[in-house]
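Undergrad: So the sequences go chain by chain: A and B. Note that the first sequence covers residues 0 to 350 in numbering that gives the first Met the number 0. Note that the second sequence covers residues 0 to 337 in numbering that gives the first Met the number 0.
Don't read these hints as lab results, they were simulated from the structure. Hints are supplied without guarantee of correctness; some may be wrong.
When the alpha-carbon atoms are kept at most 25 Å apart in a straight line, the in silico PhoX-like pairs for lysine-lysine are as follows [said to hold, decoys possible]:
| hint | chain 1 | residue 1 | chain 2 | residue 2 |
| --- | --- | --- | --- | --- |
| 1 | A | K171 | B | K120 |
| 2 | B | K267 | A | K8 |
| 3 | B | K163 | A | K112 |
| 4 | B | K120 | A | K203 |
| 5 | A | K18 | A | K44 |
Bear in mind the structure is a predicted one, so any value in this text is a computation, not a measurement.
Here is how the chains run, residue by residue.
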Amino acid sequence: MQNLYTVSKDYRKEIADDKYYYARSCIRQNFFPGSEVTFLNILKKDLDRDVFDDPKHTTCTGIAYHSDVIPFDTIQTVVARHFALMSENGYENFIASCVTSFGMYIEITETWKHFPEQLELIREHLKKATGREFMIPKNIAHTSDIVYKYRMRIAEQMKYPLVNAKTGQPLKVVDHIGCHYAKMFPDKGEGGAEFTQVLQGMIKAWGGATVDYPERRHCCGFGFRQYLVQANRGYSVSNSKKKFESMQPYEPDLIVANCPGCAMFMDRWQYTLNEMQGTRYGASDTMIPVLTYEEMAGLVLGYDPWDMGLQMHQVDVTPLLDKMGVKYDPDGKYRTRTGRPIGSYTPQQSR
Amino acid sequence: MKNIVIIGGGIAGVETACALAEGGNHVTIIERDDKLGGKLNQWYCLFPDFKKSTQVLDYIKNRIKNFDIELKLKSTVEKVEPNGDGYFIHTGNVRYAADAVVLAVGYDLFDATRKEELGYKIYDNVFTQADIEAKFRSGDLNTTFGKAPERIAIVHCVGSRDEKCHNMYCSKVCCVTGVKQAIEIAKFLPKTEIFCFYMDLRMYDKHFEELYRSAQEHHNIQFIRGRVSEVSATPDQRLSIKTEDTLSGRPMKMKLDMIILLAGMEAKKNTRQVARLFDVETEESGFLRSQDFHLGAGILSRKGIFAAGACISPMSIKETIENARSTAMQVNQYLKTL
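Only chain A is shown next, with the shape it has when bound in the complex (with noise of 0.2 Å):
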């Protein structure tokens, strides 16, 4: 059935040109670490921005906020301390890696916006703790929603669309966009939190067609607690399954994932299941590959996808590739660009 949403006035969101503070994710560079320099890549030398990554930039403590670890006053020293960094380096348009941290940033302004004397209090921690004063961000986004901004424009420069090269079918992608992303403020996503458009609109952009699935707005089955906490892992693996169920009759290609916990449950989780029950849930009993949105931006720009770190993902990526024709070099998979060995590749078999 065909999806006939548009978005409405109320979930336009504004974004900033150009002149971006950087924040980094702390998981998005563990799990996907080619994730955040193809990003930066593609800002600094494709679209020619000025993006600044900032070495002082710490952990916004996210994880252990939402995990009941760190206190509100405490996270909002921290976030406190980074916008204390971005007006230090004459910036005013804050970016976030992680969904998390991008939700957390938002948070944080609206309670300072509702409660001014909360700002003051935060004001005089960070003073206390640091001697450092702060600006408020004249925008806030997430990275997304900046190579949303410039999707038309990556399209020019597109190498690879996101087309089955035999058959000339745009490739059908499953869009994952967080929890946190637009559900708590469904006014600061594209599209708001139902029918987000963010990673929508790169996929039509770069020619690929969305999957609609019943399923489409539940958790990716990270869920912080769900698995920080050891015995619930299992709620985490079968939020994941039911996600995974719903999607399997439309037999996608790819799961794009705006969040970077989400990229690394949807990918190690399929690996999971397998193991656990031998299903895999893509077309012809293969495992679909799953890609963050600066890796679909890089693949779509003709990044080389080793450089990218593709190799580090569980679920093989080379389908995906050869579907699209990207040029690739197979022995270059495992090594470094000095040749290097870095590991080798076992085939995932189906139990």
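We have chain A already, so just place chain B on it with the hints.
TA: Using the frame of chain A, we list chain B on its own:
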């Protein structure tokens, strides 16, 4: 003879006009549409007795013929000027002198696309109650794929009692409209399973509770207490909903062929603009503010300006007619003081 201008030619406007003309006043109705009757023209039949809406429309059309009421269709008010104890009302090049004005500008149905999670105008076969009335009139209750629906969900409180939409009030008439439509569908399509998803069932008026009971006892309509959180499409061209049965405390998923959203009543989009033009107050909800909830529902905050019908608050056809007659009495009392 006093001059009265009524703004709006729906049920409330016409009934107020007739009641005032009956008292010997000269009445003018200014209506922006090209016909009288307002939203009732879209309805097929009415709760609780399944009276055809055309019977009520015929009643007002016949009633108005008995009086010398001046009708200005396809006209809107552009300017209002004080004129002694009364007003001059300007529509285009025409100026009307009025000793009193009655605002009967009606309501808008809540725009269900604002609850995008319910899929209205996104997926096929998601309708509002107004769309279903049109389907009743055409005699075709099939899905957009030309099949008789096997399973239908009626979703209550869409845009009413909902903080997300900034509509904190109850629209009152949707519950019984849902029950009425469920029974009509059950009569038309006896093999179809019908489910109503509700928060509370507010059967506030005479015969409403009996209608609700009859829906369960005689038409096998199932009532589930829970709000629908999400509508999505399934690979086999059906619809899927997520909800919770709050009485059994269990989450539910259900596949359906058709969903009917009971969209609430909102103040008309231009009610605030009309209120500014006549310098009267509105409430936070956008409806016109009565001078006194108990004693003067039709009296507004400015002398000589009155209101009738659903521009004051959500109300049924029966209540609208009663309210219009009550406002006409208040206007007559006021005119005696001039």
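Undergrad: It remains to establish, for every hint, whether it holds in the given structure.
TA: Here's how the hints hold up against the structure:
With a CA separation close to 23 Å, the supplied pair A:K171 and B:K120 stays within the 25 Å bound. With a CA separation close to 19 Å, the supplied pair B:K267 and A:K8 stays within the 25 Å bound. Restraint check for B:K163 and A:K112: the C-alpha separation of about 19 Å stays at or below 25 Å, so the hint holds. The suggested pairing of B:K120 with A:K203 holds, with an alpha-carbon distance near 20 Å, which does not exceed 25 Å.
Between the alpha carbons of A:K18 and A:K44 the distance comes to roughly 14 Å, so the proposed pair stays at or under 25 Å and holds.
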